[in-house]
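Kindly generate the complete structure, drawing on both the sequences and the hints.
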Amino acid sequence: MDWRKMPSLASLRAFEAAARLSGFSPAARELNVTHAAVSQQVRALEAELGLSLIIRSGRGIELTADGRALAAAVGDGFQTIQTTIAAFANRDENRPVRVTSTAAFTSEWLMPRLRGFWTLHPDIAISLHPDSRPLDLRREGMDLGVRYGRGNWPGVETRLLTSARMVVAADPSLVDGSGRLPIERLQELPWVLMSDWPEQRAWLESIGLDIDRLHVTLVLTEELAMTAARQGMGLVVQDKALLEQDLASGRLILIHDREDSLPAYFLVTAPGPLRRPAQIFRDWLLNQV
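Using this note's numbering, you'd call the opening residue of the sequence shown number 704 and step up by one each time.
Keep in mind that the hints were calculated from the coordinates and are not lab data. No false leads were slipped in.
Here are the simulated lysine to any residue pairs, SDA-like style, with alpha carbons at most 25 Å apart: (1) 943 with 831; (2) 708 with 767; (3) 943 with 906; (4) 943 with 912; (5) 708 with 785; (6) 708 with 754; (7) 943 with 988.
Structure, rendered in structure tokens:
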């Protein structure tokens, strides 16, 4: 496309409307501009092309042969563009809301809540995409993301979703049904920890534990750590938000807690407007805490 040889889109738009509606005044009303503005745009188009496109006839207009040919071409072009854009809009409106978060957050926090959402909005499909990486939302085609941290990521809009403060939990049988335990007792008990989570190690040290003296079983993922803890294999360190179901059912009990406000889980979106289904799901999520 050589845009240097193309008239301005504004003049083509004014001409198309005047030709289709058979007058400058109805074209002006449709385009929300003045009669004079439409007339001026059409005259500029004629001057640029070196052609007579419209014959003024009283209050109306008639198209020349060249005007009829150009009106058909421009009308077809604009209609094709409009049809394609409408198809995009319908496709995006109907496709599932795509949400990315870690596997642990997806299974332990999001999944238990989806039934409540679908009870209210059975027509909105949700597609969950667990991933340990903080994905580029636009590049990966995600509507929403849930990220763990302090909420200061560049290039996204953030909203606080829920606290992610760490706690220590255990199967009741491991601690004889006891609740909160002193640090000295925690130092003696077995633990199930992730092998690559430096924040976990730093947090344990911050509450006064000697990591190098702990009896630890290392696992690769948060899911494995929680599964092992449910089997009584050791104490687990996890975000309290991900232990809600276990603590409510008594499958695990809280051993140590500290009222930290950050880090937290944040709902993130790319800058700009959201599709309506994504807006509905976002607003519903923000009311689930």
